[in-house]
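Residue numbers (my numbering), protein chains in the order written: chain W, 1 to 114; chain X, 115 to 225.
Since the hints were derived computationally from the structure, they do not count as laboratory data.
Here are some chain X residues pointing at chain W (derived, C-beta under 7 angstroms):
(1) Gly156
(2) Leu157
(3) Phe204
(4) Glu213
(5) Gln214
(6) Phe216
(7) Gly217
(8) Pro218
(9) Gly219
Taking lysine-lysine pairs in the DSS-like style, the calculated list, with each CA pair at most 25 angstroms apart, reads:
(10) X:Lys179 with W:Lys101
(11) X:Lys171 with X:Lys185
(12) W:Lys58 with W:Lys69
(13) W:Lys58 with W:Lys101
(14) W:Lys101 with X:Lys185
(15) W:Lys49 with W:Lys101
(16) W:Lys101 with X:Lys171
(17) X:Lys183 with X:Lys132
(18) X:Lys131 with X:Lys183
(19) X:Lys185 with X:Lys132
(20) X:Lys183 with W:Lys101
(21) X:Lys171 with X:Lys131
Ideal Cβ positions, reconstructed from N, Cα and C, are used throughout, including at glycine.
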Amino acid sequence: AQSVTQLDSQVPVFEEAPVELRCNYSSSVSVYLFWYVQYPNQGLQLLLKYLSGSTLVKGINGFEAEFNKSQTSFHLRKPSVHISDTAEYFCAVSEIGDTDKLIFGTGTRLQVFP
Amino acid sequence: EAQVTQNPRYLITVTGKKLTVTCSQNMNHEYMSWYRQDPGLGLRQIYYSMNVEVTDKGDVPEGYKVSRKEKRNFPLILESPSPNQTSLYFCASASRLGEQFFGPGTRLTVL
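One chain only, chain X, in its complex shape:
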């Protein structure tokens, strides 16, 4: 089954404790992306990657890092999380025509 998986689905952490949210896709898509979803703001892009070892900033990259060492994986790293990063995070991969396939989401709470 074609899918995008994310782990963990729920995470509660404290300010400053480094964390990684994993994302994996099995559709051989070159393009992958991370979004955060906040009430009233819709989805905002954090980082995206057009291929292995190629990443670029989206609209809200501050406080986040990503890496793309393999085509199927695109982890999101928060080196020093802060409460304003409490949000719902989605990973997505895309076909060349822009249709994006989303993971189930990771709900992150930073205390």
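Okay, chain W solo, but in the shape it has when bound:
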């Protein structure tokens, strides 16, 4: 069965600094990978997704993620964060052939300080 591990529950960072939110997954088959963001008191919205093709995926708000099959990772990065990026970020995986089942990590809270 697939699983998702987000190694950091909280990541504090200063504004304009780079950030990386880590995500590792476990699956016996090929997967689709997603990052969702949850702003305070809101639902989740899709940041970016990897389905196939280039392993470097660009999303909204300047975020990008790189799929690394050998390390089973899908880390999220942004070169320069803003206060408005303060939110909870969730990594999620679904298995190709069973795409209705989406497994989420436990989330990483990104706190951006001025």
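Guided by the hints, dock chain X onto chain W, whose structure is given.
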């Protein structure tokens, strides 16, 4: 505008009093799902539905019921709520490639 709506957004109730949280989507998605979000646990799937009249258990189905009589609606029913069902609930619908669209959430408190 493509969206998933949930009602109510906030609900405080007492143990044992039946309640229903409604969910509706306007994207003609076949797949819909309910999750609960708890601190430190992320999102856990309660039930999902792959089409009208087709529902299945997720990871934490105990104490919940669902129905899918119409494609656009997927209500979540708590027949006898208990305090351990106090949580933030999200409904979602999905395209075939697994991208899920989430509602705004329902914060439920069971006293």
